[in-house]
Amino acid sequence: MSILDNCTPAQVEAITHGDGPMLVVAGAGSGKTRVITSRIAYLIQQGVPPWKILAITFTNKAAGEMKERVRTLVGEARVWVSTFHSMCARMLRQSPDAIDCGKDFTIYDAADSLSCIKACLKELDIDSEHWTPASIQAVISNAKNELQTVEQFESRAGNFFERTVAKVYRLYQARLQQNHSLDFDDLLFYVAKLMTEDTPFREHWSRRFDYVLIDEYQDTNHAQYLIARELAAETRNICATGDPDQSIYGWRGADIRNILEFEKEYSDAKVVKLEENFRSTANILKVAEQVIANNTERIDRALYTRGEAGAKVRLTGADDEEQEAEAIYARIQQMRSSGYRYGDIAVFYRTNFQSRVIERVLGLEGAPYVIVGTVEFYNRKEIKDILAYLRLLVNPRDDVAAFRAINTPPRGIGSQTLAALQDEARRYNFSLLEALERSNELPGLGARAIKALGTFRSLIGEIASFEGTAAEIVDHVIKKSGYIQWLRTSKDENREEREENLGELVTSAARYDERTPDGSLQGFLEEVALVSQIDEYRDGDDRITLMTVHAAKGLEFPVVFVSGMEEGLFPHHNSMESESGVQEERRLFYVAVTRAKKELFITHAGSRMRFGMITPALPSRFLREMPAEAIEKQTPYGEEIEEPAVSKTYAVRRREKAVAPEIARDYPETDTFRAGDVVRHPTFGRGEVVECSGAGSRTTVIVRFPGVGVKRLMLHYAKLEKV
DNA sequence: TCGAATTCCGTTTTT
DNA sequence: CGGAATTCGA
2 MSILDNCTPA QVEAITHGDG PMLVVAGAGS GKTRVITSRI AYLIQQGVPP
52 WKILAITFTN KAAGEMKERV RTLVGEARVW VSTFHSMCAR MLRQSPDAID
102 CGKDFTIYDA ADSLSCIKAC LKELDIDSEH WTPASIQAVI SNAKNELQTV
152 EQFESRAGNF FERTVAKVYR LYQARLQQNH SLDFDDLLFY VAKLMTEDTP
202 FREHWSRRFD YVLIDEYQDT NHAQYLIARE LAAETRNICA TGDPDQSIYG
252 WRGADIRNIL EFEKEYSDAK VVKLEENFRS TANILKVAEQ VIANNTERID
302 RALYTRGEAG AKVRLTGADD EEQEAEAIYA RIQQMRSSGY RYGDIAVFYR
352 TNFQSRVIER VLGLEGAPYV IVGTVEFYNR KEIKDILAYL RLLVNPRDDV
402 AAFRAINTPP RGIGSQTLAA LQDEARRYNF SLLEALERSN ELPGLGARAI
452 KALGTFRSLI GEIASFEGTA AEIVDHVIKK SGYIQWLRTS KDENREEREE
502 NLGELVTSAA RYDERTPDGS LQGFLEEVAL VSQIDEYRDG DDRITLMTVH
552 AAKGLEFPVV FVSGMEEGLF PHHNSMESES GVQEERRLFY VAVTRAKKEL
602 FITHAGSRMR FGMITPALPS RFLREMPAEA IEKQTPYGEE IEEPAVSKTY
652 AVRRREKAVA PEIARDYPET DTFRAGDVVR HPTFGRGEVV ECSGAGSRTT
702 VIVRFPGVGV KRLMLHYAKL EKV
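Numbering (the working numbering), first residue to last: 2 to 724.
Please note that a few of the clues may not be correct.
[To be verified] Per label pair, the in silico range of CB-to-CB distance:
id : residue 1 : residue 2 : range
1  : Gly524    : Glu69     : 35 to 45 Å
2  : Ala111    : Thr456    : 25 to 35 Å
3  : Glu643    : Thr133    : 27 to 37 Å
4  : Ala111    : Ser268    : 47 to 57 Å
5  : Asn160    : Gly483    : 46 to 56 Å
6  : Glu298    : Ser268    : 19 to 29 Å
7  : Arg72     : Lys452    : 53 to 63 Å
[Unchecked claim] Only pairs whose alpha carbons sit at most 30 Å apart, straight line, appear in this in silico DSBU-like list of lysine-lysine:
id : residue 1 : residue 2
8  : Lys123    : Lys62
9  : Lys119    : Lys385
10 : Lys53     : Lys271
No wet-lab data here; the hints were simulated from the structure. Everything numeric in this text was worked out from a predicted model, so none of it was measured. For glycine and all other residues, C-beta sits at the position ideal for the given N, C-alpha and C.
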């Protein structure tokens, strides 16, 4: 079978493009991934050595699948297919002198980085009400993505907040270096710096590949843009593919200009547009296209399909999230009776917490499902605990790991002892473990503490001397550290599940050993650090897939549910203040809709439990942007709602009075209520305030609604009016 | 120092 | 509501 079979002329044009830069602007469902894999196969057929081809994908899962497809097409596996992050880690490890700590560095994930930042804040005695460690982390992350060094950031810091962040950035970076650790952003940061400023490094890597292909180019940030550009500098055979309408990572530093200005960067670039959609029915595509047309910051283009109209997109308003989940379950069963399998079905949501209700209802009903993301496997407490020991074996200077391992399970090393140890380490510029080595002479410690430290010291020594495969080491650590014994005797209600997870960790190490014969514990840990949520997900099982819209990027399902379409949730509060924020949310919705092949259900709830409180919500503005002729409105029970063509409401079932889907207003936070006030609520009607407590955005009002009951509402969300 | 009890606080989205 | 941080008694 030829690589070009069943391809459209535009696809063939992209696949067979010769040398020189090329931009493939590919709409949703236009066969973009297939074009890239086919192009790789084509290049190999044309005699390009496979090891001279580099393909960069967005996730490791996509990388694996792409490699597999190339193998099927031309029986070749020596192509380098990887994500930016994995690739950068490999580049740094292959260049021993590239960074100060050489090639033996540990990769900190977001949680490790956060605890490091917390430690820095503590050390600097910064304790602000207003700035969370996470917000400081985000600012530092953005700075790194923009390639701002500590010095540059310091010189640009204007206000008090920025100057504070600058201090943290400096200390954080120093700690990372001392710990021989890199966070996610550092991987890109260092490689981008080296590619632009270090001649030997650049020369080596820009000659390494003859062809560079980058997928999801619309989601690259500045550092990634530079890395890609320099990697392809020698031959200029760069092929970028993406879709500006699917740019959904602006908050992470992704710069949509990278794709919009590709033609400026490469004036001789060939541009191929793939505008035929092969994935969705006409009705689904119509909904997607009409909604995205509301974005102003956009290149005008229209996708088309030659496929059938298909079923209308079904829109359902439920009273609350519980009913919404039940409605989804009911429609799922309906879909099954018309021939779909569980595995054909996906449920999307904007934020992770929404998965809980859906999960609960599906579980109650006994429907099989899999959640992609949420508390990912490697983020579980017990896993991170054991990983801390493993990381310490690979990199004894990893203080974040040392801090975690030293008293888990508890072995008599409390905060006092730990503080003394840290003082010692800081005074002599030691790592925590180095300070531990001389802990016998540590001043101000009691005999008990010294003994406890000695126990831990010999434990680490014992574990370090153990040799074996990654799986054997993991197993050894779980047992020797006393962790499993501690877990078994603990009162943790999830202890059995946790023990199973630890078993699963050994299994995954064993799988790594099998897959990577020349692997090491370090290799395993690196893989663990860089796996994404979606990488873990394997389709094929006959189960319903639950995931965030972000995680759904690049996937497709015959049946799709997009849930929680409410103002404040989708679009999300934090994005609603700016027009560009709303536009990114709209692109996100566009991504969600275009995942569907045959059947699309969109749902929203009139109220939702948030922070343990019922918070009312209006239908999302995006719902009003959908074309009426492609929509069918349904009750939560699946009955069609006959309504006038121009309707203002989506969610009226119980009450006759319509809730006007007007855009959420801002409510003055100071305008509080008192007991006895008579108020009106858009859903619950008239009521009397029983109690009002809290301040600012956390103000809580308890209201008794005659005939409805007593409700606890958050003033920030509740649209309460004084009567 | 430990662990149970209590309070606090959060939610975008993720490599 | 549910996990993390903090407090407090032993």
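Enumerated hints in conflict with the structure, sorted upward:
Numbers 1, 3, 4, 8, in rising order.
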